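Undergrad: One letter stands for each residue in the lines below.
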Amino acid sequence: MNVLKNLVGILDKVQKPSRYIGNEYNAIYKKKANVRLCLVFPDLYDIGMSHFGLHILYDIVNSSDFASCERSYLPWIDMQGLMKENSTPLYSYESYRPLREFDVVGFTLQYEMSYTNVLRALRLSNIPLHNADRSDSDPIIIAGGPCTVNLNPMKRFIDAFLVGDGEEAILEMLDAVRSGTREEKLRKLSTIRGVYVPGFSNKVSRRIVTKMGKAPLAQLVPYTNVVHDRAVVEILRGCTHGCRFCQAGMVYRPVRERSAKEIYDIVSNVVQRTGYEEISLLSLSSADHSQINEIVSLLKNLDDTSVSIPSTRVDAFSVKLANAVSSVRKSGITLAPEAGSQRLRNVINKGINEREIFDALEHARKFGWKRVKLYFMLGLPTETDEDVIEIGEMLKRVKKMGFESVSATLGVFVPKPHTPFQFAEQIKPEEAWRRYKLISWAKRFAKIHFTDPRKALIEGVLSRGSEDTCKVIEMAEERDLVFADWGEMFRPDEWFEVFEECGIKVEEVMSAKTLEYEFPWDFINVGIYKEYLWAEYERALNGILTSDCRESCTKCGVCMNFGVRNVLKGKGKIVPMPN
Amino acid sequence: MIERVLKRTGVRFEQTQGFHQRMKLSFGQALPTGIIDLSGLFVVSSVRPIGKEFIDLVNSVSPKGFEISNFEEVPKDFKLSRVLNGYEFKMLFIVTPPLDMLETALKVNNIWIVKLYIPFNSSVPKNGEFGQFLTLRSKALFSEVQVDQSIGSR
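Taken in order, these protein sequences are the chains called R and E.
Each number in this note's numbering corresponds to the 1-based position in the first sequence with 3 added.
Each number in this note's numbering corresponds to the 1-based position in the second sequence with 8 added.
A few of these clues could be false.
[Claimed, not checked] Calculated lysine to any residue pairs in the SDA-like style (CA-CA distance at most 20 Å, straight line):
{"#": "1", "chain 1": "R", "residue 1": "16", "chain 2": "E", "residue 2": "136"}
{"#": "2", "chain 1": "R", "residue 1": "19", "chain 2": "E", "residue 2": "73"}
{"#": "3", "chain 1": "R", "residue 1": "19", "chain 2": "E", "residue 2": "32"}
{"#": "4", "chain 1": "E", "residue 1": "72", "chain 2": "R", "residue 2": "226"}
{"#": "5", "chain 1": "E", "residue 1": "98", "chain 2": "E", "residue 2": "108"}
{"#": "6", "chain 1": "R", "residue 1": "19", "chain 2": "E", "residue 2": "9"}
{"#": "7", "chain 1": "R", "residue 1": "8", "chain 2": "E", "residue 2": "73"}
{"#": "8", "chain 1": "R", "residue 1": "19", "chain 2": "E", "residue 2": "26"}
{"#": "9", "chain 1": "R", "residue 1": "34", "chain 2": "E", "residue 2": "71"}
{"#": "10", "chain 1": "E", "residue 1": "98", "chain 2": "R", "residue 2": "11"}
{"#": "11", "chain 1": "E", "residue 1": "134", "chain 2": "R", "residue 2": "14"}
{"#": "12", "chain 1": "E", "residue 1": "72", "chain 2": "R", "residue 2": "11"}
{"#": "13", "chain 1": "R", "residue 1": "8", "chain 2": "E", "residue 2": "32"}
{"#": "14", "chain 1": "R", "residue 1": "16", "chain 2": "E", "residue 2": "40"}
{"#": "15", "chain 1": "R", "residue 1": "373", "chain 2": "E", "residue 2": "141"}
{"#": "16", "chain 1": "R", "residue 1": "8", "chain 2": "E", "residue 2": "44"}
{"#": "17", "chain 1": "R", "residue 1": "8", "chain 2": "E", "residue 2": "141"}
{"#": "18", "chain 1": "E", "residue 1": "32", "chain 2": "R", "residue 2": "373"}
{"#": "19", "chain 1": "E", "residue 1": "72", "chain 2": "R", "residue 2": "305"}
{"#": "20", "chain 1": "R", "residue 1": "19", "chain 2": "E", "residue 2": "38"}
{"#": "21", "chain 1": "E", "residue 1": "134", "chain 2": "R", "residue 2": "521"}
{"#": "22", "chain 1": "R", "residue 1": "33", "chain 2": "E", "residue 2": "72"}
{"#": "23", "chain 1": "R", "residue 1": "16", "chain 2": "E", "residue 2": "41"}
It is worth saying that the hints were derived from the structure and are not from the lab.
All figures in this text were calculated on a predicted structure; none of them were measured in a lab.
Here chain E stands alone, though its shape is the one from the complex (with noise of 0.2 Å):
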């Protein structure tokens, strides 16, 4: 789907080189069905310098419900994986969270909210595993972050 919307902004991106050519992109950790996505994360190269009107280009032709926020350079030989330390997650409870997250959920009016940090490649939370009724991953997190350890195992 990426792929498509970049190709719909007329912007040339480089291909992979061989008989069936494809764009060169490269992502972030996926994520299992029914989560959703604040820190998605993509590497392109494109043939030409690229200003920040690109974001309001890639969102003008994008599908409802993804749309970018940021870019930033990055030098050619950039991997995800090497800065990609792991991600933000936080999950909604409408009922009462299970007792050894309780202590550190965040309670708005009627709303339980758990943050959770998972370190790149581990498992994720999935939808409705621990009874909460909305998962969402919030941030991404890079190398110059310090994760807190304590909760850094889950």
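Just chain R, same shape as in the assembly (with noise of 0.2 Å):
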């Protein structure tokens, strides 16, 4: 079936029509494939065209000689309801065939607020949401992503899971799907490496590629503004820094660092076959590579092409960075102190004191940046009113430096799985506008955005929930809780209601653990020993910093557990491991 005539009578009626179109330059409609599989990214087409993971994988299978990937996205919802009305069901933007008819569609889970829309997306689809309901005409439902070491609040809805890497392991789940019953694909599922199938699994363990692989070059060209609209080369995966709250920087390891001959020959290459302005260099903290001087200057040989970093890091060499990169002061830049005092920085391991922050905004100021924002956490473990208001202390001083505008965002701590800050508790709403209170007086010196609470503890809910939490995700479906990351679709209210209706132990959730806690997440291995993890909290709320894993092993345990090494081009060298 082809949706493509019902979509030309409704076309014209919706917001940005163009989001629905598919076809994009680019695109792959591979006519002749064993295995068809279908990437949905659980929110607009918008924001889904800006996910990499999607783009590496789609190259991967469509090179392949026996399988196919078409893409699909979750229709806003002036366009779901008039899908509706025409009986027009999710369909895929290459083939326009829904959803349905594929052998596999696989999501991708990045955020714990898009959950409903993988439910959305799926009734949309006329796919039975729950895994126990599907039968040998179902396609295989898989989801990979971020959340997936979580993946306790999507259990019944999920057919198998891949925790980490997707780059090999995607072929291997496509091959195993080729033919048999239902039963027989998730249990030849369940054996592969780094799959974890509900009901055929008992544990799983991370999947991590040792070296970066082939990247992306003929990359989608979107018709219509998306998020991030730029070419985009993956510098380096992972994080060394071991900031105590990051879940990335932990389920991301080790750092593997493309070479920077490497990173220009993708860069010239995509830019010839897409014709982009600008290229991302993609990573959690691009100023981290080791070649990353060479990297820039290598760059700028490049005709009409501009570079961007996805962040800065607070020190002067990663603004002297950010100038290199940029002739133009876009927006302004952003900073993420996290904490505003220096006890608390070493608390959450960001080592930098008060001089490097001020010389990082010295130069920022002095390279001609206007405007400068920065973040924030509330709630992090051993936080004190006195360092609440050293925030404020902050934005003064950094006011003063001359700046035309500063301002902040103060989000709330969420203690993520897998981190050593597992363990500590998450405040709840009203203690955390108690602390924000405390610095109103400096929205004298700073814009000051403080993101809403509620959310915050409905994020915790989600992302430590365990396997009762899918009730909830059903019922928040259901009562079009969905686009929940959309301020205006967010309704805490109704969401608190859900979790009443379902017995969620909110406060228990919330509250802190010790070692001996079992974690509804300690059933998936990241690599990372929980007394590893305890070991950091410890040390974090003694205030002692622990170093970053480039300079000297932290023996967290990634490396002599799944036979992996920090993969650093600059150096020449390898991280050696102690005995």
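Combine both chains into one complex, guided by the hints.
TA: This is the structure we're talking about:
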């Protein structure tokens, strides 16, 4: 079935119809394939197109000799309504085929607030929401992405989860479902390293690629404005700083860099095949690449192509780097000190001191940045009122440096699974608001934006939930709590009602824990010893810093458990393992 | 989109000055969603002269549904708005068109074709506005061409 003619009648009645038409330049419609996969980003196209993981898998699967990959995204509410009216199911963007007709449908779980969107996509595709209700005629539903490190809230809806890097596992998974009954396929999937199949698997270990593989070169070029409208090259994966609140820093270890030469070759190829004016050097912390200076100077040789770096570390080097890549002071510079006081920065292992922060800011000012935005968290472990007030003091000092505008965003800390702070408690919204009021006097110096602590609570419950949380996701989707990450669609009171009706013990989910506590995600091995996380937590409580593992091994366990190492191109050597 | 198509040809085009450099590109009149454009126009400035193989080159790196059919060299001070008189639109009906259009409509098998002349920068018919199932912008009309006065006001 091809839904194209259904679309003709409705496309001019919706907001931004170009988000639904597909067949962008470089889109691949592979007509012959033994196994057909459709990857779905569970949010709007405008957001989904910036998810680079999808582009990596799209390229790998379409380059294989037996499988094809198409894409889909969740339509906005207006389009959902019209599709329902004229019985148009969710379809792929290459062949306009309903998702139901694919062999495998894969979702990426990037953030918890997208869980209800996954269910909505299944509903719009007429695919049974529960894995227990699916039969041989339904596609196999798989899921990957960072949220799989606690897959519990989605356990009843997904057939097979992939935890970790997808580049090698995806083809193994597609090969496993080439033939057989549904049960045979699921059994085969459960034997693949990194794959967890509810009902067949007891535990799972993260899948890691030892080094960076093939990069997608003929990247998709959208017809419309999308959130990150540029070409992308992933310059390294993983991060070695070990910030104690950061889940990505823990679950993407070890660091694997691409060489400067390889990056240059990729970039010139991508620019030629896409026509993009800008390329982003993607990673968790690009300034950390051991050859970053070389990379930036090589890329300066490209005509009519500007370079951007996703974020700026809070130090002078990183600011100088940001200055080197951009000749225009776009919107402003964003830095994330995270905590207002040195004591608290040590607790979270973000060891930068005041002098370094202000040195970075002074460089920014001298280079011509007029606007600066700072990120902080409220509710970090051991935080006192004095720590919070110091945020205000910092903002005052920054304003007095002479920036035209200073703004600050305060987020409420959520203790994430597989981090040293998974043992910490999360503060309640009332407490968050109380702390926020402690610095309302600083509004004189900076525009302060406080993210809704009720959203943090909901995120906390969803990211730390056990299998019981599946009921929450299901009920929330039935009540239309979709696109929950979008301001206009966020209805916290209804979420709290759902928690109550599902019997979720919010207090228990948010309270502090000890090493002995059995977390719902303990069966998922990301490679780090739980004892290491606890030891880090104790060091945090005592304000002791832990080194960057590029410099010396911190014995977190990843390299020992999975036989991997940091891959650093610049130093020409790999960090040695202690005995 | 056009900027990226041109960039993919590998031919160098002039950029704007200043910090945020973009390709120097100007267009004829924009169209609302849903109208098929057979007469889109844009003006761009290449760093070096280009030959007629440029048409095939552009089309080889264009997305499906976009194609250039012709190009012409114009003087440096050329402005589209000065020479563009208006556009011819065609609306296709499978139901009977409105009475005031019926007189000038051409009937081919079971389809009525209504031609409209829209002066440059005036409002254009919207998709389906008169009951038509398809709207095309079929021709661009330049100053040398005379516009038929009796239908010109639409």
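Undergrad: If a hint holds in the structure, say so; if it does not, say that too.
TA: Results for each hint:
For the suggested pair residue 16 (chain R) and residue 136 (chain E), the alpha carbons sit about 11 Å apart, so the restraint of at most 20 Å is met. The suggested pairing of residue 19 (chain R) with residue 73 (chain E) holds, with an alpha-carbon distance near 19 Å, which does not exceed 20 Å. The suggested pairing of residue 19 (chain R) with residue 32 (chain E) is violated, with an alpha-carbon distance near 26 Å, which exceeds 20 Å. With a C-alpha separation of about 11 Å, the suggested pairing of residue 72 (chain E) with residue 226 (chain R) holds against the 20 Å cut-off.
Note on residue 98 (chain E) and residue 108 (chain E): the hinted pairing holds, with a Cα-Cα distance of about 15 Å set against a maximum of 20 Å. Of the pairs offered as hints, the one joining residue 19 (chain R) and residue 9 (chain E) holds, with about 16 Å between alpha carbons and a cut-off of 20 Å not exceeded. For the hint pairing residue 8 (chain R) with residue 73 (chain E), the CA-to-CA distance comes to about 16 Å; that is within 20 Å, so the pair holds. For the proposed pair residue 19 (chain R) and residue 26 (chain E), the alpha carbon gap of about 31 Å is over 20 Å, so the pair is violated.
At most 20 Å may separate the alpha-carbon atoms for a hinted pair to count; residue 34 (chain R) and residue 71 (chain E) meet this at roughly 18 Å. With a C-alpha separation of about 19 Å, the suggested pair residue 98 (chain E) and residue 11 (chain R) falls inside the 20 Å cut-off, and the hint holds. A threshold of 20 Å between alpha carbons decides the hint, and for residue 134 (chain E) with residue 14 (chain R) the separation of about 14 Å falls inside it, so the pair holds. Between the alpha carbons of residue 72 (chain E) and residue 11 (chain R) the distance comes to roughly 17 Å, so the proposed pair stays at or under 20 Å and holds.
With a C-alpha separation of about 37 Å, the suggested pair residue 8 (chain R) and residue 32 (chain E) falls outside the 20 Å cut-off, and the hint is violated. For the hint pairing residue 16 (chain R) with residue 40 (chain E), the CA-to-CA distance comes to about 12 Å; that is within 20 Å, so the pair holds. Our distance criterion of 20 Å between C-alpha atoms is broken by residue 373 (chain R) and residue 141 (chain E), whose separation comes to about 53 Å. Taking the CA atoms of residue 8 (chain R) and residue 44 (chain E), the gap is near 16 Å; set against the 20 Å cutoff, the hint holds.
Simply put, residue 8 (chain R) and residue 141 (chain E) have alpha-carbon atoms about 13 Å apart, close enough for the 20 Å limit, and the pair holds. For the suggested pair residue 32 (chain E) and residue 373 (chain R), the alpha carbons sit about 28 Å apart, so the restraint of at most 20 Å is broken. Distance check on the hinted pair: residue 72 (chain E) and residue 305 (chain R) sit about 28 Å apart at the alpha-carbon level, beyond 20 Å; violated. Taken as a hint, the residue 19 (chain R) and residue 38 (chain E) pair is honoured in the structure, with Cα atoms around 16 Å apart against an allowance of 20 Å.
Among the hinted pairs, residue 134 (chain E) with residue 521 (chain R) is inconsistent with the structure: their alpha-carbon atoms are about 63 Å apart, more than 20 Å. Among the hinted pairs, residue 33 (chain R) with residue 72 (chain E) is consistent with the structure: their alpha-carbon atoms are about 15 Å apart, no more than 20 Å. At roughly 10 Å between alpha-carbon atoms, residue 16 (chain R) and residue 41 (chain E) fall within 20 Å of each other, so this suggested pair holds.
Of the numbered hints given earlier, the model fails hints 3, 8, 13, 15, 18, 19, 21; all others are met.
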